[in-house]
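Asks: Here is how the chains run, residue by residue.
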Amino acid sequence: MEPIITKFYDYLKQGKLMGLKCKKCKGVTFPPKASCIHCGSRDLEWVEISGEGRVLLMSTSALPAKRFAEYAPYVYGLVELKEGSYMCTLIEGVEPKPEALREGFERCPMRVKAEIKEMAGLPIVVFRIVE
Amino acid sequence: MAKEAKASIVGVGLTRFGNVLETPEIKGLSPYELACLAAFEALEDAGMEPKDIDVFFIGSMLSHTSNLYCHYSQMCDWLGLELKPGIHFETACSTTNTGMGLAWMTVNSGRYKHVLVVGVEVLNSVQEQHPGIRKAVDPLDLWFWTDFGVDQAYAYTHAYDIASAYGAFPALAYAKKYGLSIDKLEEVLFRIAKIVRLHASMNPKAYVQKTLEDEGRELGYKDVWEFWRSKYNPYLAWPVRLRNALNVADGASAYVIVPADEARKYTDTPIDILGFHWSVKNFPWYYAGDATIWASDAIAFKEAYRTAGIEPKDVNYLHVHDCMQSYWLTLGELSGYLPRGEAWKYVLEERVAYNGDKPMTTSGGRHGMGHAFAASPGAEVYEAVKQMRGECGRRQIRPEPEIVVLHNHGYGMHSAVTVLRRRS
Chain A
1 MEPIITKFYD
11 YLKQGKLMGL
21 KCKKCKGVTF
31 PPKASCIHCG
41 SRDLEWVEIS
51 GEGRVLLMST
61 SALPAKRFAE
71 YAPYVYGLVE
81 LKEGSYMCTL
91 IEGVEPKPEA
101 LREGFERCPM
111 RVKAEIKEMA
121 GLPIVVFRIV
131 E
Chain B
1001 MAKEAKASIV
1011 GVGLTRFGNV
1021 LETPEIKGLS
1031 PYELACLAAF
1041 EALEDAGMEP
1051 KDIDVFFIGS
1061 MLSHTSNLYC
1071 HYSQMCDWLG
1081 LELKPGIHFE
1091 TACSTTNTGM
1101 GLAWMTVNSG
1111 RYKHVLVVGV
1121 EVLNSVQEQH
1131 PGIRKAVDPL
1141 DLWFWTDFGV
1151 DQAYAYTHAY
1161 DIASAYGAFP
1171 ALAYAKKYGL
1181 SIDKLEEVLF
1191 RIAKIVRLHA
1201 SMNPKAYVQK
1211 TLEDEGRELG
1221 YKDVWEFWRS
1231 KYNPYLAWPV
1241 RLRNALNVAD
1251 GASAYVIVPA
1261 DEARKYTDTP
1271 IDILGFHWSV
1281 KNFPWYYAGD
1291 ATIWASDAIA
1301 FKEAYRTAGI
1311 EPKDVNYLHV
1321 HDCMQSYWLT
1331 LGELSGYLPR
1341 GEAWKYVLEE
1351 RVAYNGDKPM
1361 TTSGGRHGMG
1371 HAFAASPGAE
1381 VYEAVKQMRG
1391 ECGRRQIRPE
1401 PEIVVLHNHG
1411 YGMHSAVTVL
1421 RRRS
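Read top to bottom, the protein sequences are chains A and B. Here the first sequence is numbered in this note's numbering, starting from 1 and rising by one per residue. Here the second sequence is numbered in this note's numbering, starting from 1001 and rising by one per residue.
Looking at chain A on its own, in the form it has when it is part of the complex:
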């Protein structure tokens, strides 16, 4: 088996957002895993992900993850990707303050676009609000 996790982050280093597409059910597993999250098949191939989606929910925490404490406060959100996958990560373009989050709550879901950013020693996926 190839090192899937390492390959995912190596792709991000190259500026590519990659997932795995199931050859059987055609579903996309993003982030990539060893089995299709839709049908369990192991017959998968790497595909580029659009990075387009919608942020459904957002909040900000007084107890940030230790590795990300230097970036706090930040907005953390749930994103639905065009390909049908879900991901929680940092949301850019909204202030981590109650007033801004309240306004965001009223406006969600909002369109977002993925960006690749170096944080806590790794290239990771974040989403920026585009409307």
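Bear in mind the hints are in silico, worked out from the structure with no lab data behind them. Note that the structure is predicted; figures quoted are calculated from it, not measured. Hints should not be assumed to be uniformly reliable.
Stated by the list, open to error - Partial list, derived from the structure: chain B residues whose beta carbon lies under 7 Å from chain A:
| no. | residue |
| --- | --- |
| 1 | L1140 |
| 2 | A1153 |
| 3 | H1158 |
| 4 | Y1160 |
| 5 | D1161 |
| 6 | A1163 |
| 7 | S1164 |
| 8 | A1165 |
| 9 | F1169 |
| 10 | G1179 |
| 11 | L1236 |
| 12 | A1237 |
| 13 | W1238 |
| 14 | P1284 |
| 15 | G1289 |
| 16 | I1293 |
Note that beta-carbon positions come from the ideal geometry of N, C-alpha and C, so glycine has one too.
Given chain A's structure and the hints, the job is docking chain B onto it.
Replies: Here is chain B on its own, set in the frame of chain A:
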């Protein structure tokens, strides 16, 4: 129609939950002694001696704070169980809910008859020179270690935030789904917290035994709503405030399970394990992006009810895992105990309080009773058994519940549901 029981709880034990550095009843106790305190109470409650136990399961989660692996060997002689079969097991914060199912399977296999299940956790401090000498832990470290229980490949690397993901998102999704404004949501969360603290104030084994009103008065607030919105109760993850969340605790719980047809030898009120189920899901846990519905919870409830032969209308008392109190809403409804979209009204009408018609989590839950990860579900087993026996004093549900449903979340995520019945 409820099915015939095959295994029953005949004894329960529980330490007070708190902080071993300061809480009087457990001050200075190590994990060894906490486990013994709970286990000995359970054995005495069942009228059993260690020699009567055929097999024991000890559950705990966070080795970083307890400084322990291999509890079975390290604690067997402390418990009087040396040379008996024993294991360590863990499904994080659902551990001692899962333990009931494991004991049920063990008893039903016919291989062992009398099972002792123990949960123990020390979280507020780490060991120094020996298990009784400890120093306070930094919360950032505690949650760094705890979050090893969540997807390390992608969630951990993408700023995984438990307070938002586990606390704020379900609360916000509930408000969005049922058209509650943020202000109304905050009022509902405040009212849940008031009930939680009322319950805890009547539970001598709870960590926090003060009502919100009393705590507010001590800090100079005559108006409890003003206290709720004060600097003393900041947002943990907007719009969820600190007092809607767990209090990390140290403590232990235990119970004894035997074949149902032997149970009356040990107790006048056997508590039968009617059914159970577990379902697991990796992060994110939400069903099709709806944070009010988690497939693992839905499956666990459905299968537990099916195996028990009950329907939601049969349930007289419900505990849901309330590390964040918004689960009183989402899981209160998903369990079928409260009608869809109406749990918030049941809260405002206080129908979910101990003296309401739909009582929930009378122990004080993960905020009031406190959260000693692997030991917490056992604290709710203790509460359920005491409620069914009519031994809960001022917080007693009347009439005593006959059918009880216990739900727990174990990181990240393990949904465990067990159905209990008081045998008449």
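Asks: Looking back at the hints listed earlier, which ones does the structure fail to meet?
Replies: 10 and 16
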